[in-house]
Amino acid sequence: MNQPASAYFMEERHDPNETHTLSVLVANEPGVLARVIGLFSGRGYNIESLTVSETESQKHVSRITIVTTGTPMVITQIKHQLDRMIPVYQVVDMTMTGRSIERELAMVKVKGSGDQRIEAMRLAEVFRARVVDATNESFVFEITGATSKIDQFVNLMRPIGLVEVSRTGVAAISRGPEGM
Amino acid sequence: MSDSKSHDANQMTGAAMIVRALVDHGVKHIFGYPGGAVLPIYDEIFQQGDVEHILVRHEQGAGHAAEGYARSTGKPGVVLVTSGPGATNMVTPLADALMDSIPLVCITGQVPTHLIGNDAFQECDTVGITRPCTKHNWLVRDIKDLPKVLHEAFYVATTGRPGPVVVDVPKDVQFATGTYTPPRKSDVHVSYKPQTKGDPGQIRKAIALMANAKRPVIYTGGGVINAGSDASQTLRALVEATGFPITSTLMGLGAYPASGKNWLGMLGMHGTYEANMAMHDCDVMLCIGARFDDRITGRTDAFSPGSKKIHIDIDPSSINKNIRVDVPIIGDAGSVMGDLLKAFKAEGKKPKIDPWWFEIGRWRARNSLAYKKSDDVILPQFAIQRLFEATRGHDTYITTEVGQHQMWAAQFFGFEEPHRWMTSGGLGTMGYGLPAALGVQVAHRDSLVVDIAGDASVQMTMQEMSCAVQHDLPIKIFILNNQYMGMVRQWQQLLHGNRLSHSYTEAMPDFVKLAEAYGGVGMQVFKPGDLDGALHEMIKVKKPVLFDCRVAALENCFPMIPSGKAHNEMLLPAEANDDATAKAFAGGKALV
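So the protein sequences, as listed, match chains A and B. Just so we're aligned: 94 in my numbering is position 94 of the first sequence, and the numbers increase by one with no gaps anywhere. Just so we're aligned: 437 in my numbering is position 437 of the second sequence, and the numbers increase by one with no gaps anywhere.
Don't take every hint at face value.
To be verified - Heads up, simulated DSS-like pairs for lysine-lysine below, C-alpha to C-alpha not over 27 Å straight-line:
(1) A:59 with B:148
(2) B:261 with B:342
(3) B:261 with B:214
(4) B:75 with B:193
(5) B:193 with A:59
(6) B:75 with B:148
(7) B:205 with B:352
(8) B:193 with A:79
(9) B:197 with B:350
(10) A:59 with A:79
(11) A:59 with B:185
(12) B:342 with B:205
(13) B:205 with B:345
(14) B:352 with B:342
(15) B:197 with B:342
(16) B:214 with B:349
(17) A:59 with B:144
(18) B:185 with B:28
(19) B:197 with A:79
(20) A:79 with B:205
(21) B:352 with B:214
Stated by the list, open to error - Negatives, chain A to chain B, calculated, CB over 12 Å:
(22) 23
(23) 123
(24) 152
(25) 167
To be verified - These stretches of chain A come out as covered by chain B in the derived footprint (C-beta under 8 Å, 3 or more residues):
(26) 25 to 35
(27) 74 to 88
No lab work stands behind these hints, which were simulated from the structure alone. Where a beta carbon is used, it is the ideal one built from N, C-alpha and C, also for glycine.
Here chain A stands alone, though its shape is the one from the complex (with noise of 0.2 Å):
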């Protein structure tokens, strides 16, 4: 092995990445998400997406949700490491439960002129983005759905006249009637 002289040893792992939602409730105190974010930054974590709002605001409540990558040992290792912090009521790996909804809004903005509108309306109408606003050489189309479908929308306005695209990130929650 050509391991470098190092007071380290440096290994390379090559287990394969893999794509998960976590959902995270905190109390809604000051600097809950810098905690968050500076765990992940600090040890190197990946963030896909994440999107935070209060959403209990009796019990000051909020619930982040962070898609993220890495290896199974990492994922694991993330989900410990958000429930040790102080804040953290609970953290569920959507992924693993098999059974959550995930869903993303976006804002899409589309500049053109006579068949490019009409086909932005068409595709618009396929994917069920409803027109938020126009003028006459603009639309900005609102779309709801999964990540995939967000990215295919865009990908198709993009030759038609894409000007600029504004995503919420994801938000998941688990079917039936048992919550967090």
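Since the structure of chain A is provided, determine the placement of chain B on it from the hints.
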């Protein structure tokens, strides 16, 4: 507003609340340094007699002193420092305490709330800076929140896996008046519930493995020390009941006595041959309160390949972090060991492991800690052995700095009891030992407290000699002076073609004069024959002592697991000649 008397008694300023909370949590000593943003608190300290304040010379010293205090007593160490530079100087001890799971409560002053974010004088984002190096931290913007936060801070620091916390209190909150409430259970975050009791099903699985083991080993760490003195007693009973061999990390020394018959010595990069070989060849490993750190495991893909691993830890994030284990048990080390011991005795089956002990005996016979003796120069290993002999019969506490001397202390000083050994394991903070010794001496006024130091490390926090003199703390700084940063030089010799880049201290202070300048006592020894007499004199002196012990300059620390190697590929001292080391380190030089 109520008009009852008790209500009035609980009306007080934020600064008074802080001192009151310290008293309510049984704090007798705090370590600190005043400054603009903590003056109201210092004013309260001036007007009371319950809490003694130890004035350090640099905030880092306060932090390490509090760590030494905490480690030697099992109680939280408390620090009080000002805003801005006071807080940033505390970052190193906080990070150190987080790595080694030491309970610290650090109170920092902050600029008044209306100035926060304005780049005010001595302002810094204390909670932002200390967030990744504390277990938790708080900025208290409202006097109403202060009592609850203070109580929560003590609870969080001392329960579960202990660690440092910071409470940042703006100056206007210190001046504001509010109602103090004594500690209550409801002060604690409902989201924070550490698990202390081990799962019975997992314990049964562990017992099944232990009862059928042929080559078992127990590997313990700082978690056993943190679980309290009772946990160390339970560990000893468990070792006695099972007859298993036991090794420990640097942080866990003393939980099992070094004179115990099942003791293999420390394991890891500079651990004994028998400890590392037993780890490599075992079939059942019982890890208690240790975290499979990279200094312990060596090459992870070759770490103890044939064993089933049981891992007891209070922190779930320690499980499967570096090494996959078979039976994880989340819980307090003392509680889980107690359950294991009961279940093991109930099982009534003590595995026959005589052949395993025979094998271990052969490894022991290699005498991996051997070194060349000399009548002309003091070998550092010899110096530690003589110090150990000289301190026998005394009520002794040892702290260290970081480097070769630290490893030699761990190898050659026999620890019989827990809480007697204070060292910076995880962060590896040079300059830890001198202030840590201060903290230990504050907690144990009549005991012998020795900082086994290196000449380089000790200069990082040397100014605390002044604190020792001021507070009559007769700490003994035993410097193994080889005029090098020895461990840095050792790696440069082994890995970087013997190019000793900046690891030699060309201008060494005269430690004897330095000690005298501070008002302490200086001593210096060059010859092995003079060592014992000087050591006895050092112990007799009732003042802080700087003991300049001149040792063989080029001695290196063995045995050693080279990086990228497994436990069974150790370098032993006799084999550690140039040829052998060159071969062991084949692969060129690169990053450290």
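- Item | Earlier hints that do not hold, by number | Every hint satisfied by this model.
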